[in-house]
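*Asks:* These are the residues of each chain, in order.
2 protein chains.
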Amino acid sequence: MKPKCYNVIIAGGKGTRFWPLSRSQKPKQLLRIFSAKSLIKETADRVESLGGRAQTLVITVAEQVDALVKELRALPRRNFIVEPQGKNTAPCIGLAALEVAARDPAAVMVILPADHWVADNRAFCRALKAAVALALQHDQLITIGIRPAYPETGYGYIVRGQPIGKKGGAIAYHVKRFKEKPSIAVAQQLIGQGALWNSGIFVWKAATLLALLERYQPAIALGLKTIRQAAQGQSLGNHTPRLRAVMRRAYKKLPNISIDHAVLEKAGSEERVLTIEGNFGWSDVGSWAAVHRMLGQDRQGNAGNGKWLGFGAKNCFVHAPNRLVVLLGVEDVLVVDTPDALLVGDLKRSQEIRDVVEELQKKGYGSYTVK
Amino acid sequence: MKPKCYNVIIAGGKGTRFWPLSRSQKPKQLLRIFSAKSLIKETADRVESLGGRAQTLVITVAEQVDALVKELRALPRRNFIVEPQGKNTAPCIGLAALEVAARDPAAVMVILPADHWVADNRAFCRALKAAVALALQHDQLITIGIRPAYPETGYGYIVRGQPIGKKGGAIAYHVKRFKEKPSIAVAQQLIGQGALWNSGIFVWKAATLLALLERYQPAIALGLKTIRQAAQGQSLGNHTPRLRAVMRRAYKKLPNISIDHAVLEKAGSEERVLTIEGNFGWSDVGSWAAVHRMLGQDRQGNAGNGKWLGFGAKNCFVHAPNRLVVLLGVEDVLVVDTPDALLVGDLKRSQEIRDVVEELQKKGYGSYTVK
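Here the protein sequences come in this chain order: A and B. Letter by letter, the first sequence follows residues 1 to 371 of the working numbering. Letter by letter, the second sequence follows residues 1 to 371 of the working numbering.
Only chain A is shown next, with the shape it has when bound in the complex (with noise of 0.2 Å):
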C-alpha cells in the first residue's frame, strides 16, 4: 500500500487582533475575510486534493471543537482532535503525528496553520506535493519557505544553503539555521543571503518527527507515549473520558513551546531539514494592515468589505458588511464594524488591537469580547 499524506490543520489561536470581528468564541480562522468562506475552510478546501477528507485533520482546542464540527462539515467527526489546553505548536504536532502513525505508520504529514492566506492555491498545493514527494524519500523535516515581499520584523527566516536538485518545478535546499523575527536591518541583510519567510507550513513523516521529539523533546515523547497507551489503538478523536482524564493529565506535564525551537532549529544543525521555495503569494494574516495588503485596493489605497465610499480617503482599510460607510478626508484609517462593537483605529497600529482587547476585559467591557 502507498504511505497516504494526512493533512493536519492547526487550529488553535484566538486572534484577539482581529476584534472586535474576532471573539473568543469566533476565532480568527472562522472569520469570513477574504470571501464568503471562512480562512479554515479556505485551508482545508485549499488541500484537499492532497490528503482528501478522510485524510485531513483539526487539531484544537474545546471551546472551538464544535464551530469548527459545524464549518467543517465535510470531514469526519474523529478527525477532530481537541487539545486539553494550548502549549504551543510543539505538544500540538506531536499530538497530530501520534493520530497520523497510529493510522499509518509510513504516512507523511502536510502541517497547515487554519488562518494563512494564499493567493494561488495551484502554485500552492504543486510546492506541497514537491515537500510531500521529498519527505517519502528522506526521513527529513521539510519547511515551506516564502520568498519575502519586504523585510519583514514579525516573521522568522530560513536561512538556506546548497539546493539537492528540483523536484516537481520546486527547488530544495538544505537549511543552514533558523531567525525569529530579527531587526529590520537584519531582515534586509537576511534577504540579501537569500533567506526565506518560515511559513509555519510543514512537511514530513509522523514517524521521523515522533523519533526527532524522542531525541530532543524526551518530556513531549514521554507525554505522547502515555497519550498512545490510553487511546488502546483507538483515534484520538474518539475521546472517552478515560482518555480525556489522561490527556489533562499528561499535557499539565509538557513544556510549552513552539516546534521550531523544540525541533527545527535543533534539527536543522544537524542538517535534517530541508526548504522548498514556494512562491504563490502567502501572508500569515497577522493583523488587519496584512488583511489590507491582501484585498484589491483603489487607486487612493483604500480596500474592504462591504459598502463603503471614499471622499478624499487614503490608505483605509473598511470591513462592514451591513451598513454604508463613508470615509471622508481620512488616512490610514481601519474601520471594522459588528452588530455590537465598532473599532475605528490607525491602520499602522492594527497590531495594537490585542492590547486593546485586554483592556477592555479589565475595564468592565468583557462581554464585548466574547461573542
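If you're looking for bench data, these hints aren't it; they were derived computationally from the structure. On a predicted model such as this, the values are computed, not experimentally measured, just so you know. Even for Gly, the Cβ is constructed at its ideal location relative to N, Cα and C. Treat the hints with care, as some may be off.
[Claimed, not checked] Under 8 Å between C-beta atoms, here's a sample of chain B residues computed to sit facing chain A: (1) A74; (2) P76; (3) L243; (4) V246; (5) L327; (6) V333; (7) D340; (8) L342; (9) V344; (10) G345; (11) V356; (12) E358; (13) E359; (14) Y368; (15) V370.
[What the hints assert, rightly or not] Computed spacing ranges between beta-carbons, pair by pair: (16) A:S183 to B:R147: 54 to 60 Å; (17) B:G366 to A:G86: 30 to 36 Å; (18) A:Q297 to B:S367: 54 to 60 Å; (19) B:K348 to A:V370: 34 to 40 Å.
[What the hints assert, rightly or not] Straight line, CA to CA, 27 Å or less: simulated DSSO-like cross-link-like pairs of lysine-lysine: (20) B:K307 to A:K348; (21) A:K307 to B:K26; (22) A:K26 to A:K179; (23) B:K307 to A:K26; (24) B:K314 to B:K26; (25) B:K37 to B:K307; (26) B:K371 to A:K307; (27) B:K225 to B:K253; (28) B:K2 to B:K37; (29) A:K363 to B:K307; (30) A:K348 to B:K314; (31) B:K314 to A:K362; (32) B:K348 to A:K314; (33) A:K26 to A:K266; (34) A:K314 to B:K363; (35) B:K37 to A:K307; (36) A:K348 to B:K37; (37) A:K37 to A:K26; (38) A:K307 to B:K362; (39) A:K348 to A:K362; (40) A:K314 to B:K362.
Model the placement of chain B on the given structure of chain A, informed by the hints.
*Replies:* The following block gives chain B in isolation, referenced to the frame of chain A:
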C-alpha cells in the same frame, strides 16, 4: 393692554452637514445632540418665560411640519406656519411678522433659529428681556451680538458704535455696519475693534419690520399684503386650501434673500439698528466640529455621545448612542454611527459633509439621505 412678546422659531433648515444623523426627514433641529432633548425643543423651552406657549410661533416647511408638531406638542397647532417654499430668512420673518401683527399690532417679536446652542439659558433670557424692553421703547431693530471666542470666518460680524445705556445688565450699542464671513485676517481685525458675532437672533416690533420691508423690499411687502388679504383675519396657521394657493403663488414671486441683506444692512446704514452684547455661551452648531467644541472633552480632547473608549486617541468626536465605539490611536477623527450608515471623517473637514450628501444622491445612495 400691555403689548405681547412673541417667540418666533425659524425651523426650515435641513442640516445636511449632520449626516448621517440628519436626513431630509430628520433635519438638524430634531437631532438630540447635546441632551435627551432635540435642539428645537431646547430652543422652545429656553424662551418659554418670554412669550409663553400661546405666543410661540414656528415657521417651517411642509415636509417638516408634522414632525415638528409632534416634537413641540405643547404648542397650539395654529402656531405652526408653513412656508410654501424656502426663500431664505427675509420672506420667512416677514410672514411671521404678518401673523404677529395680526394677533397684536403693538407686539414685539423675538426671532430664534431653531437649532442653536446656548450654554447659560438664564443669561440668554436676561439679554433677550433687555432687548424686548428696548424694542418696546424704540422703533429700532435689535440684534443679539456675541462676544467672539475666536476669529470664526463662517459667521457675520456686527461692528458697533456708541453705547446707548445699560438695560437689565446688558449694554446696547448703535450698529455701524455688518460684515459677512470675513477672511481670518479681517476677522482678527474686527475682533480687535470690539465687533460682535451676529447670532441671527433678532428682536423688534412686528410693525417696525413690516414698515421697513415696505421701505427696502417692496416686492416682499406686496407679497405679504396679498397673503394678509387672503387670510381674512384668520391665523396663517389655519391653512385653508385658498390661503395655501395664494401663499404658493405669492412665494413664487418673492426674492430669495436673507433678512440681513434685505433689511438689516440697509437699516444699519440709516442708524435704525441696535445691538445687545450677549455673553451666555453660544454657537450656531454649524458642523460636527462645533458640537465637539461644545461638549465636555477628556484630557486628550475627545468628546462624544454614547459609549466610547479612546486608546491613544486625540481630539476625536463620537456620536454613537447604540454601540460601543473604540478609537485606537486616531486623531481629529469624527465618527457618527446610525443604524444604516456610518461616517468616519476628518473632524476638521466636517463642513464638507454637505457635499458628501450631494454626492451620495448622485451616486445612487439617495435612500441613505432621506430617513
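*Asks:* Indicate, hint by hint, whether the structure satisfies it.
*Replies:* Verification of the supplied hints:
For A74 (chain B), the interface hint is violated, the least distance from its beta-carbon to any beta-carbon of chain A being 36 Å, above 8 Å. Taking 8 Å as the C-beta contact cut-off toward chain A, the hint placing P76 (chain B) at the interface is violated, the least distance being around 40 Å. Interface restraint check for L243 (chain B): the shortest CB-CB distance to chain A comes to about 42 Å, outside 8 Å, so the restraint is violated. A hinted interface residue such as V246 (chain B) counts as satisfied when its beta carbon comes closer than 8 Å to some beta carbon of chain A; here the least separation is about 43 Å, so the hint is violated.
About 5 Å separates the beta-carbon of L327 (chain B) from the nearest beta-carbon of chain A, less than 8 Å, and the hint is met. Hint status for V333 (chain B): holds, given a least beta-carbon distance of 6 Å to chain A, under 8 Å. Interface restraint check for D340 (chain B): the shortest CB-CB distance to chain A comes to about 6 Å, inside 8 Å, so the restraint holds. At a threshold of 8 Å, the smallest CB-CB gap from L342 (chain B) to chain A is about 5 Å, leaving the interface hint in force.
Residue-level restraint check for V344 (chain B) holds (minimum Cβ-Cβ distance to chain A is 5 Å; threshold 8 Å). A least Cβ separation of about 3 Å between G345 (chain B) and chain A falls short of the 8 Å threshold, and the interface hint therefore holds. With a cut of 8 Å, the hint placing V356 (chain B) at the interface with chain A holds, because the nearest CB-to-CB distance is about 5 Å. About 11 Å separates the beta-carbon of E358 (chain B) from the nearest beta-carbon of chain A, more than 8 Å, and the hint is not met.
Interface hint status for E359 (chain B): upheld, as the beta-carbon distance to the closest one in chain A is roughly 7 Å, under 8 Å. Hint on Y368 (chain B) holds. Least Cβ distance to chain A is approximately 5 Å, under the 8 Å limit. Of the supplied interface hints, the one on V370 (chain B) is violated, with its beta-carbon coming no nearer than about 13 Å to a beta-carbon of chain A, more than 8 Å. Evaluation of the 54 to 60 Å hint for S183 (chain A) and R147 (chain B) yields a pass: the beta carbon distance comes to about 57 Å.
The hinted range of 30 to 36 Å is not satisfied by G366 (chain B) and G86 (chain A), whose Cβ atoms lie roughly 51 Å apart. Distance hint check for Q297 (chain A) and S367 (chain B): the Cβ-Cβ separation is about 27 Å, which falls outside the suggested range of 54 to 60 Å. Remark: the range hint 34 to 40 Å for K348 (chain B) to V370 (chain A) is upheld by a beta-carbon distance near 37 Å. Our distance criterion of 27 Å between C-alpha atoms is met by K307 (chain B) and K348 (chain A), whose separation comes to about 24 Å.
Between K307 (chain A) and K26 (chain B) the alpha-carbon distance is near 23 Å, which keeps this suggested pair within the 27 Å criterion. Between K26 (chain A) and K179 (chain A), the direct Cα distance comes to roughly 32 Å. Violation of the 27 Å bound is thereby established for this hinted pair. Proximity of K307 (chain B) to K26 (chain A) is assessed by CA-CA distance (about 23 Å); at most 27 Å being required, the pair is judged to hold. The straight-line distance between the Cα atoms of K314 (chain B) and K26 (chain B) is roughly 30 Å, outside the 27 Å bound, and the hint therefore fails.
Note on K37 (chain B) and K307 (chain B): the hinted pairing holds, with a Cα-Cα distance of about 18 Å set against a maximum of 27 Å. Note on K371 (chain B) and K307 (chain A): the hinted pairing holds, with a Cα-Cα distance of about 18 Å set against a maximum of 27 Å. Between K225 (chain B) and K253 (chain B), the direct Cα distance comes to roughly 13 Å. Compliance with the 27 Å bound is thereby established for this hinted pair. Restraint check for K2 (chain B) and K37 (chain B): the C-alpha separation of about 33 Å exceeds 27 Å, so the hint is violated.
In summary, the hint linking K363 (chain A) to K307 (chain B) is supported, as the alpha carbons are separated by about 13 Å, within the 27 Å threshold. Straight-line distance between C-alpha atoms of K348 (chain A) and K314 (chain B) comes to about 16 Å, which keeps the hinted pair within the 27 Å bound. Annotation: proposed proximity of K314 (chain B) to K362 (chain A) holds, straight-line Cα distance about 22 Å (limit 27 Å). Restraint check for K348 (chain B) and K314 (chain A): satisfied, since their Cα atoms lie roughly 16 Å apart, inside the 27 Å limit.
Annotation: proposed proximity of K26 (chain A) to K266 (chain A) is violated, straight-line Cα distance about 36 Å (limit 27 Å). A threshold of 27 Å between alpha carbons decides the hint, and for K314 (chain A) with K363 (chain B) the separation of about 20 Å falls inside it, so the pair holds. Between K37 (chain B) and K307 (chain A) the alpha-carbon distance is near 32 Å, which puts this suggested pair outside the 27 Å criterion. In summary, the hint linking K348 (chain A) to K37 (chain B) is not supported, as the alpha carbons are separated by about 39 Å, beyond the 27 Å threshold.
Using a Cα cut-off of 27 Å, the hinted pair K37 (chain A) and K26 (chain A) holds, with the two alpha carbons roughly 14 Å apart. Between K307 (chain A) and K362 (chain B) the CA atoms are separated by roughly 16 Å; this keeps the pair inside 27 Å, and the hint holds. This hinted pair checks out: K348 (chain A) and K362 (chain A) have alpha carbons roughly 24 Å apart, not beyond 27 Å. Proximity of K314 (chain A) to K362 (chain B) is assessed by CA-CA distance (about 22 Å); at most 27 Å being required, the pair is judged to hold.
The earlier numbered hints that this structure contradicts are 1, 2, 3, 4, 12, 15, 17, 18, 22, 24, 28, 33, 35, 36.
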